[in-house]
Amino acid sequence: MTREFERAGLPIVHITNLIKISEGIGPRRIMKGNSVVHVLGDPAVPCESELKYRKRLVAQALDMLTVDPEEGTQYIVDNA
Amino acid sequence: MSEKLRVVHYLNQFYGGFGGEDTAGMGVTVKEGAVGPGMVLQAGLKGQGQIVATVICGDNYVTENIETAVPEIVKLVESFHPDLFVAGPGFNAGRYGLACGAITAAVTEKLHIPAVTGLYGENPGAELYKDRCWIVESGDHGKYLRASMQKMTDLALLLAKGEKPDASALGVVGSGPAPVIDYATPAAARAVNMLLAKFRGLPFETEVRMPQVEQIPLPVLNKPLSETKIALVTDGGLVPAGNPDHLPTVNSKIWLEYGLNGKDRLDAADYEVSHQGYDNTFVNADPNRLVPVDALRALTAEGKIASMYDGYFVTTGVRTTLENAKKFGRAIAEKLKDEGVDAVLLTST
Numbered sequence: 001m002t003r004e005f006e007r008a009g010l011p012i013v014h015i016t017n018l019i020k021i022s023e024g025i026g027p028r029r030i031m032k033g034n035s036v037v038h039v040l041g042d043p044a045v046p047c048e049s050e051l052k053y054r055k056r057l058v059a060q061a062l063d064m065l066t067v068d069p070e071e072g073t074q075y076i077v078d079n080a
Numbered sequence: 081m082s083e084k085l086r087v088v089h090y091l092n093q094f095y096g097g098f099g100g101e102d103t104a105g106m107g108v109t110v111k112e113g114a115v116g117p118g119m120v121l122q123a124g125l126k127g128q129g130q131i132v133a134t135v136i137c138g139d140n141y142v143t144e145n146i147e148t149a150v151p152e153i154v155k156l157v158e159s160f161h162p163d164l165f166v167a168g169p170g171f172n173a174g175r176y177g178l179a180c181g182a183i184t185a186a187v188t189e190k191l192h193i194p195a196v197t198g199l200y201g202e203n204p205g206a207e208l209y210k211d212r213c214w215i216v217e218s219g220d221h222g223k224y225l226r227a228s229m230q231k232m233t234d235l236a237l238l239l240a241k242g243e244k245p246d247a248s249a250l251g252v253v254g255s256g257p258a259p260v261i262d263y264a265t266p267a268a269a270r271a272v273n274m275l276l277a278k279f280r281g282l283p284f285e286t287e288v289r290m291p292q293v294e295q296i297p298l299p300v301l302n303k304p305l306s307e308t309k310i311a312l313v314t315d316g317g318l319v320p321a322g323n324p325d326h327l328p329t330v331n332s333k334i335w336l337e338y339g340l341n342g343k344d345r346l347d348a349a350d351y352e353v354s355h356q357g358y359d360n361t362f363v364n365a366d367p368n369r370l371v372p373v374d375a376l377r378a379l380t381a382e383g384k385i386a387s388m389y390d391g392y393f394v395t396t397g398v399r400t401t402l403e404n405a406k407k408f409g410r411a412i413a414e415k416l417k418d419e420g421v422d423a424v425l426l427t428s429t
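In order, the protein sequences belong to chains L and X. Heads up: the first sequence at position 58 corresponds to 58 in this note's numbering, and the numbers run straight through without jumps. Heads up: the second sequence at position 241 corresponds to 321 in this note's numbering, and the numbers run straight through without jumps.
These aren't lab readings, by the way, just hints derived from the structure by calculation. Only a predicted model underlies this, so the values are computations on that prediction, with no experimental measurement involved. Don't be surprised by glycine CBs; every beta carbon is placed ideally from N, CA and C. Honestly, I wouldn't trust all of these hints.
[Stated by the list, open to error] With beta-carbon atoms standing in for the labels, derived distance ranges:
no., chain 1, residue 1, chain 2, residue 2, range
1, X, 97, L, 73, 41 to 49 Å
2, X, 244, L, 68, 39 to 47 Å
3, X, 246, L, 60, 42 to 50 Å
4, L, 72, X, 273, 24 to 32 Å
5, X, 401, L, 68, 27 to 35 Å
Turn these sequences into a full structure, and let the hints guide you.
Structure follows, in structure tokens:
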């Protein structure tokens, strides 16, 4: 799906834990999420901290939309 | 009388007999001899090989830490001094397929022994590793175990004899591992020989295979982030409680859109997950972990972006065909453009 969004001219950040798969498919902006089962969550921390954590990750993903990777490269952020 | 080949088999936690999603996080372990589908492999070796060990690991453990888990597993495989390595088959399981592909490629490249796995052609693991190791087309369902294991062992035994396999005849996905290059012959000589062979219509094998990712122009924002409208899309199968539109748990042929009605966050009571490819517990407990409405709303209020599309788009990404995924992407993209959305965050499990 990510490639079709790009083909339509829509910048997209793919947030996934399995970045290898995403790298193979080819979208240009990929962010590594926390885990397969809670990609933007951290059940180990209390709710309030979790929302802060999620905001940080989502804000980072949004910032990635403003970065334009060089031709032939993918911009991959692994931060979780 | 030649000795029996020493074979090491790799399985995930499910085929290794440890459990399902509940044990997907388990680390590497070993069982002596053949386990589960290994019995079929043992039979397929027709007395020419012996499974000395079965290495078993959780799908999440491997795929979430692929840079460290794969070398750990390869080291363990090496300790058994195998003549042959087999992984899976993984059929169409996403994480297992990734693990089978990654481990088989690593064993091929680091241990230089014949290594074979079996995957469904469209499995992402097959797409990624089909040019780095031998992957036999296994079909997309466990019922093809016997048939695919037979093809895998036929190929494995051929490779063990040092023969060059006919990839298409054996149902190999992709082209198999890169050819071993004879560096004793200088590159210039090899290149000229290749060119002469091509000129004469004789078979030749390229040494360098270019990756096949389609070139699409990079989409860029045409305004500052603070002026954008952002939409959320997911393939994690999140739907309103009761799944009113019957999103399937696997191999979806549909995508859906659900309005958010200005809500600040997703309430666990109002949603559920229809996706059998991952443990849904954490997302069921807090759907914002998959579709981050709470975070994005808060960031909108803070001015990070101008607005959030007041809905989200969903499908189920497990065993969903590439063709359908492309169709969904095109349809959703069109809708988003009509609605003046500037960019997308797509969350996957």
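*Those earlier numbered hints the structure runs against, lowest number first*: none
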